[in-house]
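Trainee: Taking the hints into account, I'd like the entire structure generated from these sequences.
Going down the list, the sequences are from chains A and B. Residue 1 is where the first sequence starts when you use full-length UniProt numbering, and the numbers rise one by one after that. Residue 1 is where the second sequence starts when you use full-length UniProt numbering, and the numbers rise one by one after that.
Calculated directly from the structure, the hints in this document are not laboratory data. Each hint should be verified, as a subset may be incorrect.
Repeated chains share a single entry, so a pair holds when one copy, or any two copies, can fit it.
Only pairs whose alpha carbons sit at most 25 Å apart, straight line, appear in this in silico PhoX-like list of lysine-lysine [stated by the list, open to error]:
hint, residue 1, residue 2
1, LYS184, LYS23
2, LYS226, LYS265
3, LYS170, LYS212
2 protein chains.
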Amino acid sequence: MKRIAIQGKVGSFHDIAAHEYFKDEQLQLLCCSTFEEVFDSVRRDPTAIAMLAIENTIAGSLLHNYDLLRESEITVVGEQRLHIQHCICCLPDDDWDTVTEVHSHPVALMQCRSFLAQHSGIRAVEAEDTAGAAEEITLQKSHGCAAICSSSAARQYGMRILEDSIEDNKHNFTRFLVACHPQKADYLRPLEKADKASIVFSLPHEEGSLSKVLTILSFYDINLTKIQSLPVIGHEWEYLFYVDVTFNNLTRYRQAIDAITPLVKSIKILGEYKES
Amino acid sequence: MKRIAIQGKVGSFHDIAAHEYFKDEQLQLLCCSTFEEVFDSVRRDPTAIAMLAIENTIAGSLLHNYDLLRESEITVVGEQRLHIQHCICCLPDDDWDTVTEVHSHPVALMQCRSFLAQHSGIRAVEAEDTAGAAEEITLQKSHGCAAICSSSAARQYGMRILEDSIEDNKHNFTRFLVACHPQKADYLRPLEKADKASIVFSLPHEEGSLSKVLTILSFYDINLTKIQSLPVIGHEWEYLFYVDVTFNNLTRYRQAIDAITPLVKSIKILGEYKES
Numbered sequence: 001m002k003r004i005a006i007q008g009k010v011g012s013f014h015d016i017a018a019h020e021y022f023k024d025e026q027l028q029l030l031c032c033s034t035f036e037e038v039f040d041s042v043r044r045d046p047t048a049i050a051m052l053a054i055e056n057t058i059a060g061s062l063l064h065n066y067d068l069l070r071e072s073e074i075t076v077v078g079e080q081r082l083h084i085q086h087c088i089c090c091l092p093d094d095d096w097d098t099v100t101e102v103h104s105h106p107v108a109l110m111q112c113r114s115f116l117a118q119h120s121g122i123r124a125v126e127a128e129d130t131a132g133a134a135e136e137i138t139l140q141k142s143h144g145c146a147a148i149c150s151s152s153a154a155r156q157y158g159m160r161i162l163e164d165s166i167e168d169n170k171h172n173f174t175r176f177l178v179a180c181h182p183q184k185a186d187y188l189r190p191l192e193k194a195d196k197a198s199i200v201f202s203l204p205h206e207e208g209s210l211s212k213v214l215t216i217l218s219f220y221d222i223n224l225t226k227i228q229s230l231p232v233i234g235h236e237w238e239y240l241f242y243v244d245v246t247f248n249n250l251t252r253y254r255q256a257i258d259a260i261t262p263l264v265k266s267i268k269i270l271g272e273y274k275e276s
Numbered sequence: 001m002k003r004i005a006i007q008g009k010v011g012s013f014h015d016i017a018a019h020e021y022f023k024d025e026q027l028q029l030l031c032c033s034t035f036e037e038v039f040d041s042v043r044r045d046p047t048a049i050a051m052l053a054i055e056n057t058i059a060g061s062l063l064h065n066y067d068l069l070r071e072s073e074i075t076v077v078g079e080q081r082l083h084i085q086h087c088i089c090c091l092p093d094d095d096w097d098t099v100t101e102v103h104s105h106p107v108a109l110m111q112c113r114s115f116l117a118q119h120s121g122i123r124a125v126e127a128e129d130t131a132g133a134a135e136e137i138t139l140q141k142s143h144g145c146a147a148i149c150s151s152s153a154a155r156q157y158g159m160r161i162l163e164d165s166i167e168d169n170k171h172n173f174t175r176f177l178v179a180c181h182p183q184k185a186d187y188l189r190p191l192e193k194a195d196k197a198s199i200v201f202s203l204p205h206e207e208g209s210l211s212k213v214l215t216i217l218s219f220y221d222i223n224l225t226k227i228q229s230l231p232v233i234g235h236e237w238e239y240l241f242y243v244d245v246t247f248n249n250l251t252r253y254r255q256a257i258d259a260i261t262p263l264v265k266s267i268k269i270l271g272e273y274k275e276s
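Mentor: Pasting the structure below:
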């Protein structure tokens with residue numbers, strides 16, 4: 001039995017992603033209302049595992065989760081991609097003509113913006129979580145309120161699905177990271193099987209410093225799958241670079257990290273894991 | 001008199017950014033409810049100028065606006081940075097003990113999340129725009145409803161400011177782009193004064209292709225101020241790179257673009273302008 005800390009409730013996309021990643025395993029969910037709480041859970045209970053959304057094809061990167069990862073001792077041990085499909089659902093005895101409000105997580109509301117624009121009489125109310133909105137409506141018997149969530153959450157809470165697949169863009173994927181206490185990492189992923197790493201580094205403010213680092217990585221046959229620069233909040237002219245790399249040879253990858261370390265101002269390995 | 005297309009209403013942050021950029025000039029605002037409408041306005045009326053939020057220190061890049069820019073013929077001619085400060089305001093005869101809902105743009109609600117968590121009895125309702133929420137509450141005399149917007153919008157609509165500077169992170173800056181029809185570009189910014197460019201390119205799926213491009217840029221003394229890779233939606237393994245560069249010499253910059261062009265799969269200059 002694994003204990004998985006997620007942001008959201010049973011039936012949320014974090015829950016679905018956790019069950020996809022740990023297929024056929026018994027999971028106990030630690031449902032948190034914020035990502036800070038997810039990190040706190042793992043800090044307090046080193047046997048717990050965090051499941052964290054990190055980027056979405058429509059909404060982009062979750063910068064706040066990158067911050068939390070960078071500042072924590074928790075290490076990434078895996079990733080999971082999930083196709084995000086939203087439905088709109090309500091109490092079984094409600095219908096389109098009685099619904100006046102739709103509750104969901106702000107990102108889910110954003111991803112259904114065109115759909116909601118076609119139903120302009122309905123107000124969008126923010127909730128902490130997609131599945132949490134469905135649960136709340138069911139518990140409170142909130143007539144006139146609909147939720148946007150996964151169809152599995154709708155079924156879980158006994159709601160009526162008014163329409164499924166209402167997301168504006170059908171290529172809506174979220175990438176989740178699996179992260180845990182470093183002492184537990186080897187148990188969750190054999191390091192020798194790792195072929196991907198997530199790294200964050202900062203650079204001295206010199207022209208060409210990024211191209212030097214990337215050239216060295218390419219000399220060592222390290223492939224970039226993601227790069228994003230972010231200004232360091234409060235420090236103009238300083239940038240953090242979040243980079244995902246893939247590699248065939250773990251030793252070569254380690255040598256590449258050794259080779260770039262003298263050229264960066266700071267560097268942190270967020271985790272080494274198997275590409276999904 | 002300049003005609004500026006913005007997303008949002010009078011008093012919105014787009015309005016404030018436009019007045020900062022075009023200081024001491026008479027402006028006529030074309031208030032649009034979506035960014036698509038902003039682009040349509042400039043397409044239909046080549047004398048109009050678009051003002052577009054493109055990134056925020058907390059929320060990250062507005063990927064949708066990057067998409068719209070890439071797909072349009074409109075070119076970037078300037079940038080404006082704005083310190084974002086939110087207030088919470090209500091009708092003059094309302095107060096903390098009567099407010100049950102707060103209306104605002106989803107990003108503004110997100111940027112005040114800690115503040116709102118301390119007032120957990122208040123529901124967050126999404127609106128198209130910060131200033132629009134204030135206007136709507138005033139017009140409808142919506143007792144019990146507060147808005148999150150700039151203090152100038154609150155004053156504009158005669159609202160009572162319950163608390164100012166309620167944003168969670170005080171280093172909350174948004175960068176806006178000024179964009180227009182290419183024929184109007186030279187009139188808005190003398191090209192010879194440009195020292196910054198925004199570029200998007202895609203690369204062949206070969207190891208080291210990004211490091212080659214960045215190395216060439218550094219050989220030509222072109223400095224990177226932003227880089228972000230984005231998967232091309234619907235095409236696994238293909239990436240777009242959005243890059244901002246600065247330079248001292250326009251000719252050298254043009255030569256650098258010529259030098260990287262044979263190595264990229266596609267490239268588009270989103271605009272050349274003066275760094276703010």
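Trainee: For each hint, tell me whether it holds in the structure or not.
Mentor: Each hint tested on the structure:
Taking the closest pair of Cα atoms, LYS184 and LYS23 come within 25 Å of each other only inside a single copy of the chain (19 Å); across copies the shortest separation is 58 Å, beyond that limit. Within a single copy, LYS226 and LYS265 get their C-alpha atoms as close as 20 Å, and across copies as close as 18 Å, so both meet the 25 Å cut-off. In this assembly of identical chains, the alpha carbons of LYS170 and LYS212 never lie at most 25 Å apart, being 38 Å within a copy and 34 Å across copies at closest.
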